[in-house]
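Participant: Sequence:
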Amino acid sequence: MNLKRAELDVLFVGSRRMKIMNNRYRAENTATDVLSFPQYNSLKELPGDMDYLLGDIVVNIEHPSLDAAHDHIDRLLVHGLLHLAGYDHEKSPRMAAKMFKKEEEVLSAVKKMAGECQ
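One gets my numbering by counting positions in the sequence shown from 1 and adding 1013 to each.
No lab work stands behind these hints, which were simulated from the structure alone. Treat the hints loosely; a few may be bogus.
To be verified - Quick list of in silico lysine-lysine cross-link-like pairs, DSS-like style, CA-CA up to 25 Å:
#1 Lys1124 <-> Lys1111
#2 Lys1032 <-> Lys1104
#3 Lys1057 <-> Lys1104
#4 Lys1125 <-> Lys1032
#5 Lys1125 <-> Lys1114
#6 Lys1057 <-> Lys1111
#7 Lys1114 <-> Lys1104
#8 Lys1114 <-> Lys1124
#9 Lys1104 <-> Lys1115
#10 Lys1125 <-> Lys1111
#11 Lys1115 <-> Lys1125
#12 Lys1124 <-> Lys1032
As the list claims (entries may be wrong) - Ranges of calculated distance between the beta carbons of each label pair, as one might list FRET restraints:
#13 Asp1022 <-> Arg1107: 17 to 23 Å
#14 Arg1018 <-> Gly1099: 14 to 20 Å
#15 Glu1118 <-> Leu1059: 18 to 24 Å
#16 Gly1027 <-> Leu1059: 31 to 37 Å
#17 Gly1128 <-> Met1108: 29 to 35 Å
#18 Asn1054 <-> Arg1018: 16 to 22 Å
#19 Leu1079 <-> Phe1113: 15 to 21 Å
#20 Leu1120 <-> Asn1036: 16 to 22 Å
Only a predicted model underlies this, so the values are computations on that prediction, with no experimental measurement involved. All C-beta atoms in this analysis are idealised placements derived from N, C-alpha and C, irrespective of residue type, glycine included.
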């Protein structure tokens, strides 16, 4: 994936709305922390010289996990972004490990950039 410019939409919702969405799109009757809706099946096949809308990320701002860490909303956004990029931790333990490793790499890079901006 060598995209030069891309966009994504982020929607913040409460637990009630997230439960409805999770039930509708994943047949899970619970309020999850984050949902991702990719626009493309694979980003690897897209030419890098165009602008793209990667998809939508929906974050549950009332999820209990948000109380656990102040940077958790960053983690949820990165997690959702990786889903848009094709990572899927539910496919296998190996894929989960790969995704969570990438999540840490991206979060580390974001924190480093944020520190440089101050």
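Participant: Need the list of violated hint numbers for this structure, in ascending order.
Facilitator: 4, 12, 13, 20
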